[in-house]
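Q: Let the hints inform the model, and build the full structure from the sequences given.
There are 2 protein chains.
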Amino acid sequence: MATEPAPISFARGAPSLDIIDVEGLRAAADRAFTNDPAGSFAYGTSVGYKPLRAWIADRHGVSEDQVLVTNGSMQADAFLFETLVSAGDTVVVERPSYDRTLLSLKGRDADLKAVPLDEDGVDVAAFAELLEGGANVSLAHLIPNFQNPAGYSLSGDKRRALVELARTHSFTIFEDDPYVELRFSGQPQPTMLSLSTSGEVVYASSFSKTVCPGIRVGYLVGDAALIATIAKLATGTYISPNMVAQSIVNEFVRGGSFETSIETVKTALAERAQRLCAGLREHVPDAQFVEPEGGYFLWVNLPEGVDGDALHAAAAARGVQIVKGSDFLLDDSKNAIRLAYSGVTPDEIDEGARRLGEAYRSL
Amino acid sequence: MATEPAPISFARGAPSLDIIDVEGLRAAADRAFTNDPAGSFAYGTSVGYKPLRAWIADRHGVSEDQVLVTNGSMQADAFLFETLVSAGDTVVVERPSYDRTLLSLKGRDADLKAVPLDEDGVDVAAFAELLEGGANVSLAHLIPNFQNPAGYSLSGDKRRALVELARTHSFTIFEDDPYVELRFSGQPQPTMLSLSTSGEVVYASSFSKTVCPGIRVGYLVGDAALIATIAKLATGTYISPNMVAQSIVNEFVRGGSFETSIETVKTALAERAQRLCAGLREHVPDAQFVEPEGGYFLWVNLPEGVDGDALHAAAAARGVQIVKGSDFLLDDSKNAIRLAYSGVTPDEIDEGARRLGEAYRSL
Numbered sequence: 065m066a067t068e069p070a071p072i073s074f075a076r077g078a079p080s081l082d083i084i085d086v087e088g089l090r091a092a093a094d095r096a097f098t099n100d101p102a103g104s105f106a107y108g109t110s111v112g113y114k115p116l117r118a119w120i121a122d123r124h125g126v127s128e129d130q131v132l133v134t135n136g137s138m139q140a141d142a143f144l145f146e147t148l149v150s151a152g153d154t155v156v157v158e159r160p161s162y163d164r165t166l167l168s169l170k171g172r173d174a175d176l177k178a179v180p181l182d183e184d185g186v187d188v189a190a191f192a193e194l195l196e197g198g199a200n201v202s203l204a205h206l207i208p209n210f211q212n213p214a215g216y217s218l219s220g221d222k223r224r225a226l227v228e229l230a231r232t233h234s235f236t237i238f239e240d241d242p243y244v245e246l247r248f249s250g251q252p253q254p255t256m257l258s259l260s261t262s263g264e265v266v267y268a269s270s271f272s273k274t275v276c277p278g279i280r281v282g283y284l285v286g287d288a289a290l291i292a293t294i295a296k297l298a299t300g301t302y303i304s305p306n307m308v309a310q311s312i313v314n315e316f317v318r319g320g321s322f323e324t325s326i327e328t329v330k331t332a333l334a335e336r337a338q339r340l341c342a343g344l345r346e347h348v349p350d351a352q353f354v355e356p357e358g359g360y361f362l363w364v365n366l367p368e369g370v371d372g373d374a375l376h377a378a379a380a381a382r383g384v385q386i387v388k389g390s391d392f393l394l395d396d397s398k399n400a401i402r403l404a405y406s407g408v409t410p411d412e413i414d415e416g417a418r419r420l421g422e423a424y425r426s427l
Numbered sequence: 065m066a067t068e069p070a071p072i073s074f075a076r077g078a079p080s081l082d083i084i085d086v087e088g089l090r091a092a093a094d095r096a097f098t099n100d101p102a103g104s105f106a107y108g109t110s111v112g113y114k115p116l117r118a119w120i121a122d123r124h125g126v127s128e129d130q131v132l133v134t135n136g137s138m139q140a141d142a143f144l145f146e147t148l149v150s151a152g153d154t155v156v157v158e159r160p161s162y163d164r165t166l167l168s169l170k171g172r173d174a175d176l177k178a179v180p181l182d183e184d185g186v187d188v189a190a191f192a193e194l195l196e197g198g199a200n201v202s203l204a205h206l207i208p209n210f211q212n213p214a215g216y217s218l219s220g221d222k223r224r225a226l227v228e229l230a231r232t233h234s235f236t237i238f239e240d241d242p243y244v245e246l247r248f249s250g251q252p253q254p255t256m257l258s259l260s261t262s263g264e265v266v267y268a269s270s271f272s273k274t275v276c277p278g279i280r281v282g283y284l285v286g287d288a289a290l291i292a293t294i295a296k297l298a299t300g301t302y303i304s305p306n307m308v309a310q311s312i313v314n315e316f317v318r319g320g321s322f323e324t325s326i327e328t329v330k331t332a333l334a335e336r337a338q339r340l341c342a343g344l345r346e347h348v349p350d351a352q353f354v355e356p357e358g359g360y361f362l363w364v365n366l367p368e369g370v371d372g373d374a375l376h377a378a379a380a381a382r383g384v385q386i387v388k389g390s391d392f393l394l395d396d397s398k399n400a401i402r403l404a405y406s407g408v409t410p411d412e413i414d415e416g417a418r419r420l421g422e423a424y425r426s427l
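Those protein sequences? They're chains B and R, same order as listed.
All residue numbers for the first sequence refer to our numbering, where the first residue is 65 and numbers rise by one.
All residue numbers for the second sequence refer to our numbering, where the first residue is 65 and numbers rise by one.
Bear in mind the hints are in silico, worked out from the structure with no lab data behind them.
For glycine and all other residues, C-beta sits at the position ideal for the given N, C-alpha and C.
Check the hints yourself; a few may be wrong.
[Said to hold, decoys possible] Not the full set, but computed from the structure, chain B residues with beta-carbon under 8 angstroms of chain R:
id, residue
1, A78
2, A93
3, F105
4, Y107
5, G136
6, A142
7, R164
8, L167
9, P277
10, A309
11, I312
12, A332
13, L393
14, L394
A: As structure tokens, this is what we get:
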């Protein structure tokens, strides 16, 4: 009997354990339990662990009442959508966009309008045309940095244009920014939150990519009145988020481990992205992609007519997990796939790209 | 200027820090991070941290696919209600019952039917009469042990009768049991979950009262198909609950700290309950109550015509926080209050009872 090939996953957007600072987390937990046992172990309130909330507010240059710290940023999204999105509301999403967000918005019966995502971010001209055509957009969900699934980032000019569009057409921008700290090349851009002057932007981020995913700590920043409304919803849902986890994150970010951890993660991601691009050029020369400047993901366009679903199956038969591009689209396009390089070692990437080439040629 | 009296809170159902095993938690975290860093720090799935799920399944004598571990049991309630309760559904609640549960069910526009709570649990005859009168009950929310707010427990006979009622009238019992481990006198009774044979019972509990509230770990046990449905909802809400917290709880319960912690908590609660009852007998001789056999709460009935809202204000003016009985009722009765003795020291209890007597006499 032939040996099964070792599984290699380009599917999950999650870090490998070797780039998680286990010792930093252990030390942070120890400090948290020593310095603030009452704050760590008692019920908190739904706004989150106050010292961490203060750190986040300071980082974004906002007041503390503009911040809500949640059990991961997906939970933040869920609260935000429950508050802002009713059945029939017109919501703009990027094409492609994160599958869980699309599912969540579809679950609320929102009327989704997909605006194409270019290499420098969402197509602002197409967005403006939609608005001028009379679309009554109430919310736009945008992932500005190293977008999931495309890996693209929004240019500074487009950020300014979008904030201006939101102001003149009275819609809210949901700036969903979990990857912002993971830039390993190119120039960082200001958040739309910081460019906004009239509360048009609600911002979400997370410590999943900079501390670890299992700690489930994310947050929202926005208009104080909106945050207060969501805090009430959070109280009714879970009284308080996880104080133990948030108190550990607070010690982690304040004790110097945060910067070290981000450096470790960025260095690893830069190497992995480079290896994946090189592997694809060698083994899947038809693949078209933009070399990422940060984040976890590479979006691969294949020639028209190539069936991403069939490639998914052929790769799986060779022990390689990928995600079909169609999972991130509202239409039926099939000639794209998403590859995550965050959870695989460089050697796995080389071997995975080789097998992916084999799968591609088998179609 | 007179010194303000030191604040004493009989309001919050939460443990004081002195009965939380801080060192046990620190050691459990250390073991969790050493023994299973991948399981603690990576994304999990929405069913929760698997070793803890297995421990819970074993404790309740059910299979693992009948257990979902959540971010606190309030979140478990929220998922359950979202799955089982639609607008207009008839839901039975105890009178009085936990205010947050009532709010959550009212928020879903359920048609709430309050069945009186006797000293041995919900009035089963009144419940049966309601059913025979044609009420199409779909769910009954019951807190069987040391009920919040009343402190009463459901007798064994009534538990059996309720499971039988649920079977014959095809409704689900939601057995909400966070206080079960906190019995300091009297005889424990079997869970309705264990008495049920046809999936009529969904059971929830929590580690908030036995480990600590800030860790936010609760769980549901029920029919495997229902649990699978709720697991999908949980995935869409937060991908996975807090793995760091659940992995710490897993080490805590498996490493012997759990039994020690429960003993510490029960010993303290027994003394606090006894002191509170003695204090009330001395300072508020009109107070009527049942001496608790466990849990956090004492429900105090005052003579007809006494205004609990006015007593609440008079006590607050003396630095004593209590909760108005009317918060736990769907009607306008006002002559009851809830006193929590979980978060106060015996000396605070003596002084609190003295001030409460003063407040009472001031009415």
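Q: Now, for every hint given, state plainly whether the structure supports it.
A: For each hint, the structure was consulted:
Among the interface hints, the one on A78 (chain B) holds; its C-beta lies about 5 angstroms from the nearest C-beta in chain R, closer than the 8 angstroms criterion. This hint holds: A93 (chain B) has a C-beta 5 angstroms from the nearest C-beta of chain R, less than the 8 angstroms allowed. Residue-level restraint check for F105 (chain B) holds (minimum Cβ-Cβ distance to chain R is 4 angstroms; threshold 8 angstroms). The beta carbon of Y107 (chain B) comes within 4 angstroms of a beta carbon in chain R, closer than 8 angstroms, and the hint placing it at the interface holds.
A least Cβ separation of about 5 angstroms between G136 (chain B) and chain R falls short of the 8 angstroms threshold, and the interface hint therefore holds. Restraint check, A142 (chain B) versus chain R: the minimum CB separation of about 5 angstroms is within 8 angstroms; hint holds. For R164 (chain B), the shortest C-beta to C-beta distance to chain R is roughly 7 angstroms, which falls under 8 angstroms, so the interface hint holds. A distance limit of 8 angstroms between C-beta atoms decides the matter here; for L167 (chain B) the minimum to chain R is near 6 angstroms, and the interface restraint holds.
Because the smallest distance between the Cβ of P277 (chain B) and any Cβ of chain R comes to about 4 angstroms, under 8 angstroms, the interface hint for this residue holds. The criterion of a C-beta within 8 angstroms of any C-beta in chain R is met by A309 (chain B), whose closest approach is roughly 5 angstroms, and the hint holds. Restraint check, I312 (chain B) versus chain R: the minimum CB separation of about 7 angstroms is within 8 angstroms; hint holds. Taken as an interface hint, A332 (chain B) does not check out: its beta carbon lies about 15 angstroms from the nearest beta carbon of chain R, beyond 8 angstroms.
A cut of 8 angstroms between beta carbons decides the hint on L393 (chain B): the least distance to chain R is about 19 angstroms, and the hint is violated. For the restraint placing L394 (chain B) at the interface with chain R, the shortest Cβ-Cβ distance is roughly 17 angstroms, beyond the 8 angstroms limit, so the hint is violated.
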